[in-house]
Amino acid sequence: MHREFNQIGRDLFLQGLNSSHSGNLSIRLGDRLVITRRGSMLHNLKETDLIETGLDKNDSHIALASTEIGVHRSIYKNTSALAIVHAHPVYATALSLVEDEIIPIDSEGQYMLHKIPVIGFEHTVGSDEVARVLPEFLKEYKLIMIRGHGSFATGQLIEEAYQWTSSLENICKIIYLTRTLKGEIKETKSEKYTKW
Amino acid sequence: MNGWTGKIARVNLSNKQIQIEEPAAELYYQYLGGRGLGSRILWDEVNEKVLPLSPENKLIFMTGPLTGTRVPTAGRFAVTSKSPLTGTVFDSNSGGIWGARLKKTGLDGLIIEGQAAQPVYIVIDETGIVVKEAGRLWGLDVPETTSAVQAVEGKGYSVACIGPAGENLVRISCIMNDNTRALGRGGLGAVMGSKKLKAIAVKGSKSVGIADKEKLQFVLYETNKWLKASPVTSQGLPEFGTPVLVNLFNESGIFPSYNFQESQYDDAENISGETMAEKLTVRKKGCYGCPIKCSRETRTARETGAGPEYESLWALGPQCGIGDLEAIAEANYLCNRLGLDTISVGVTLGCAMELAQRNIYDSGINFGDAGKLLQIINDIAYLRGAGADMAEGSRSLAQKHGAESLAMQVKGLELPAYDPRGVQGMGLGFATSNRGGCHLRAYMVGPEILGVPKMVDRFSTHGKAGLTIFYQNVNAAMDALIICRFVGLAVSEEYFARLLTAVTGINYQPQDLHVIGERIWNMERLYNLREGFSNRDDILPDRLLTEPVKNGPSKGHVVHLEPMLEDYYRFRGWSKDGIPTEKKLAELGVI
Chain P
0 MHREFNQIGR DLFLQGLNSS HSGNLSIRLG DRLVITRRGS MLHNLKETDL
50 IETGLDKNDS HIALASTEIG VHRSIYKNTS ALAIVHAHPV YATALSLVED
100 EIIPIDSEGQ YMLHKIPVIG FEHTVGSDEV ARVLPEFLKE YKLIMIRGHG
150 SFATGQLIEE AYQWTSSLEN ICKIIYLTRT LKGEIKETKS EKYTKW
Chain V
0 MNGWTGKIAR VNLSNKQIQI EEPAAELYYQ YLGGRGLGSR ILWDEVNEKV
50 LPLSPENKLI FMTGPLTGTR VPTAGRFAVT SKSPLTGTVF DSNSGGIWGA
100 RLKKTGLDGL IIEGQAAQPV YIVIDETGIV VKEAGRLWGL DVPETTSAVQ
150 AVEGKGYSVA CIGPAGENLV RISCIMNDNT RALGRGGLGA VMGSKKLKAI
200 AVKGSKSVGI ADKEKLQFVL YETNKWLKAS PVTSQGLPEF GTPVLVNLFN
250 ESGIFPSYNF QESQYDDAEN ISGETMAEKL TVRKKGCYGC PIKCSRETRT
300 ARETGAGPEY ESLWALGPQC GIGDLEAIAE ANYLCNRLGL DTISVGVTLG
350 CAMELAQRNI YDSGINFGDA GKLLQIINDI AYLRGAGADM AEGSRSLAQK
400 HGAESLAMQV KGLELPAYDP RGVQGMGLGF ATSNRGGCHL RAYMVGPEIL
450 GVPKMVDRFS THGKAGLTIF YQNVNAAMDA LIICRFVGLA VSEEYFARLL
500 TAVTGINYQP QDLHVIGERI WNMERLYNLR EGFSNRDDIL PDRLLTEPVK
550 NGPSKGHVVH LEPMLEDYYR FRGWSKDGIP TEKKLAELGV I
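Residue numbers (numbering that gives the first Met the number 0), protein chains in the order written: chain P, 0 to 195; chain V, 0 to 590.
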């Protein structure tokens with residue numbers, strides 16, 4: 000388990016999807032969950048950086064858990080997710096500040112994700128509001144963006160949630176790059192995904 | 000209603016009364032159709048006092064909300080009953096065109112109850128339902144029955160029927176539809192036979208109501224993109240049929256042979272998908288609305304028929320130490336004609352062969368006896384000689400000779416073509432399956448071998464309980480819709496939630512399908528507990544728990560069931576004894 004967390008954490012950092020101490024990962028084990036330690040460096044996780052605690056009930060380990068533990072718990076309790084990746088992808092975060100939803104314009108992104116909702120909150124980190132609202136979106140979408148903050152992606156496996164996060168950043172880089180170009184986009188088939 | 004017709008017919012064969020019922024909309028919403036609605040009706044109407052082959056048992060034919068639409072593979076239907084082989088709640092589903100035709104008569108399903116005094120068959124079309132005398136059909140095999148019914152009713156009728164095996168109450172008999180498609184497992188053919196019901200012919204042309212045609216078109220387009228993009232659904236299965244799995248699983252060391260004494264088969268290449276395509280295949284065939292077309296019309300030197308599919312190929316082949324492709328194909332044709340479950344027949348034969356190998360009981364057939372296959376299969380269907388014992392299934396056969404551990408079964412249902420010692424999650428799936436040793440409930444070879452959605456360590460038990468539950472729930476919902484399992488290898492439940500929303504006009508989110516699947520799973524568990532099953536029945540044959548694989552990629556492995564099972568009960572929200580808690584049942588709205 001440690002190896003899997005460490006590999007995904009490292010790759011998130013190397014891809015620029017997290018800064019040195021940002022983001023968190025978790026998996027669900029029935030009525031327990033394993034989540035990264037608050038303030039841990041995802042690109043260099045030690046075994047002691049993986050904190051196991053209850054899905055419903057606290058135990059003493061809660062003192063070490065990520066500040067986003069409440070959001071993770073809420074997602075697990077309200078969806079069938081078995082893994083969560085929370086990251087701070089730069090291009091996606093930038094785009095979330097100017098869009099209400101992210102519609103991929105590249106073919107791969109359209110296949111994979113169709114549409115990524117962007118949700119704005121007064122308090123974005125570890126808030127009850129986020130914990131309450133996020134699962135409702137994640138019942139329908141694989142991942143969502145919190146405006147100006149970062150992404151939450153779910154999957155059956157942590158690798159799967161990582162894939163959606165990585166895809167999201169690729170989608171946003173392509174959107175960003177095409178917007179800096181002067182030419183018109185030749186195909187506009189992405190428009191239909193607003194209805195997804 | 001859109002998607003559903005809102006009508007279910009109830010046919011009592013004892014008094015010939017026919018009623019059309021309109022179940023509550025809430026019941027449709029909570030259980031969808033197929034396996035879901037079937038299990039719920041069985042829970043409400045067939046209690047623990049009812050014997051499977053008595054008139055009080057019911058046979059519930061059910062379509063789903065997508066049946067008869069343009070959704071890929073949505074031509075399927077399910078039959079649910081109390082199984083005479085396992086004693087559990089049991090559903091089996093099938094493709095072909097029968098399900099779509101039933102739906103197009105204006106019915107979502109059909110509940111058969113009672114017992115006819117003399118053999119009968121049922122005709123359903125848009126004008127109504129008629130029960131007809133079937134004395135002259137009794138004794139005919141499946142193709143003969145189908146032709147005879149169509150000769151009277153017309154070629155446009157699709158026929159589901161039993162063969163001689165079902166008539167003779169063989170506990171490993173099946174119901175066949177459209178000649179070559181099978182509601183294969185659990186002995187449902189015997190339930191139909193006990194009711195003296197030989198066949199059901201259906202013909203309909205009514206359209207299924209679609210709430211949002213534009214949305215359906217859009218989501219179908221996106222769904223088909225994935226089916227075309229996946230090499231499994233766009234190349235492997237279309238090119239080689241289900242036997243494409245033979246080489247893949249043999250190379251992984253999960254392709255059992257000689258009654259699971261080995262986990263590979265030396266002559267696998269001779270019976271592979273590639274060899275079958277070259278030597279037997281005449282043409283590809285597909286079910287209603289299926290773009291994959293994994294079925295095969297085949298020809299041997301002597302006969303033409305359908306299949307064998309992967310499981311049948313294995314059961315009548317390597318499981319019995321037989322690698323003669325033509326002999327396997329002809330044995331498969333015969334099972335189809337007689338209405339026998341090819342998996343249970345093959346595994347029961349393998350059990351008999353090992354009993355002979357160990358000098359416990361000599362039924363006259365040994366591993367590798369390809370030339371005796373046809374005779375013994377006929378003997379099973381007609382209850383002759385040693386075949387009469389085999390007709391009761393492998394567990395009964397092995398128990399009779401004091402060697403129950405040699406029966407490769409769970410809860411009485413013979414195991415399919417995967418050695419779980421090399422796929423731990425599959426082992427947990429077999430042990431906890433509500434209908435016994437079934438691969439389709441969790442189908443953990445998806446993540447463990449095929450890498451769908453991602454490859455996991457197949458020898459590890461870590462995380463397998465959670466994944467198994469995830470797939471058991473999703474697949475229960477897919478069986479309620481009803482969608483072919485192969486589509487799930489390319490398309491996630493997200494798409495089916497959107498398709499269901501477009502068809503019904505009711506907003507279903509992907510998460511709703513998980514909850515529906517979990518509800519069905521707990522419902523079925525509750526049914527089995529009421530029948531007297533317990534956590535002691537969530538077990539695998541001793542061999543798989545104690546005898547390490549001798550050779551190949553899975554060498555040295557056994558199934559480590561105990562730790563996975565502990566997690567499984569806990570993760571399901573059940574007691575340590577595997578009993579759903581009242582809290583869980585209330586949360587799911589089961590009670």
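Hints should not be assumed to be uniformly reliable.
As the list claims (entries may be wrong) - Here are the simulated DSBU-like pairs of lysine-lysine, each with C-alpha atoms no more than 30 Å apart in a straight line:
1) V:Lys224 - V:Lys292
2) V:Lys292 - P:Lys56
3) V:Lys583 - P:Lys138
4) V:Lys154 - P:Lys138
5) P:Lys138 - V:Lys582
6) V:Lys212 - P:Lys188
What the hints assert, rightly or not - Which residues of chain V face chain P? A few of them, derived with a C-beta cut under 7 Å, are:
7) Gly465
8) Asn506
9) Gln510
10) Tyr568
11) Arg569
The hints are simulated quantities; they were obtained by calculation from the structure and are not laboratory data.
Each residue gets a CB set at the ideal place from its N, CA and C atoms; glycine is no exception.
These are the hints, each one checked on the structure:
1. V:Lys224 - V:Lys292: holds, 16 Å
2. V:Lys292 - P:Lys56: Roughly 50 Å between the alpha carbons, so the hint for V:Lys292 and P:Lys56 is violated.
3. V:Lys583 - P:Lys138: holds, 20 Å
4. V:Lys154 - P:Lys138: It is violated: about 46 Å lies between the C-alpha atoms, which goes past 30 Å.
5. P:Lys138 - V:Lys582: At roughly 22 Å apart (the allowed maximum being 30 Å), V:Lys582 and P:Lys138 satisfy the hint.
6. V:Lys212 - P:Lys188: Holds, at roughly 19 Å.
7. Gly465: Cβ of V:Gly465 sits 5 Å from chain P, so the hint holds.
8. Asn506: With a closest approach of 9 Å, the V:Asn506 hint is violated.
9. Gln510: Because about 4 Å separates V:Gln510 from the closest Cβ in chain P, which is inside the 7 Å limit, the hint holds.
10. Tyr568: It is violated, given that the least Cβ distance between V:Tyr568 and chain P is near 9 Å, above 7 Å.
11. Arg569: Because about 5 Å separates V:Arg569 from the closest Cβ in chain P, which is inside the 7 Å limit, the hint holds.
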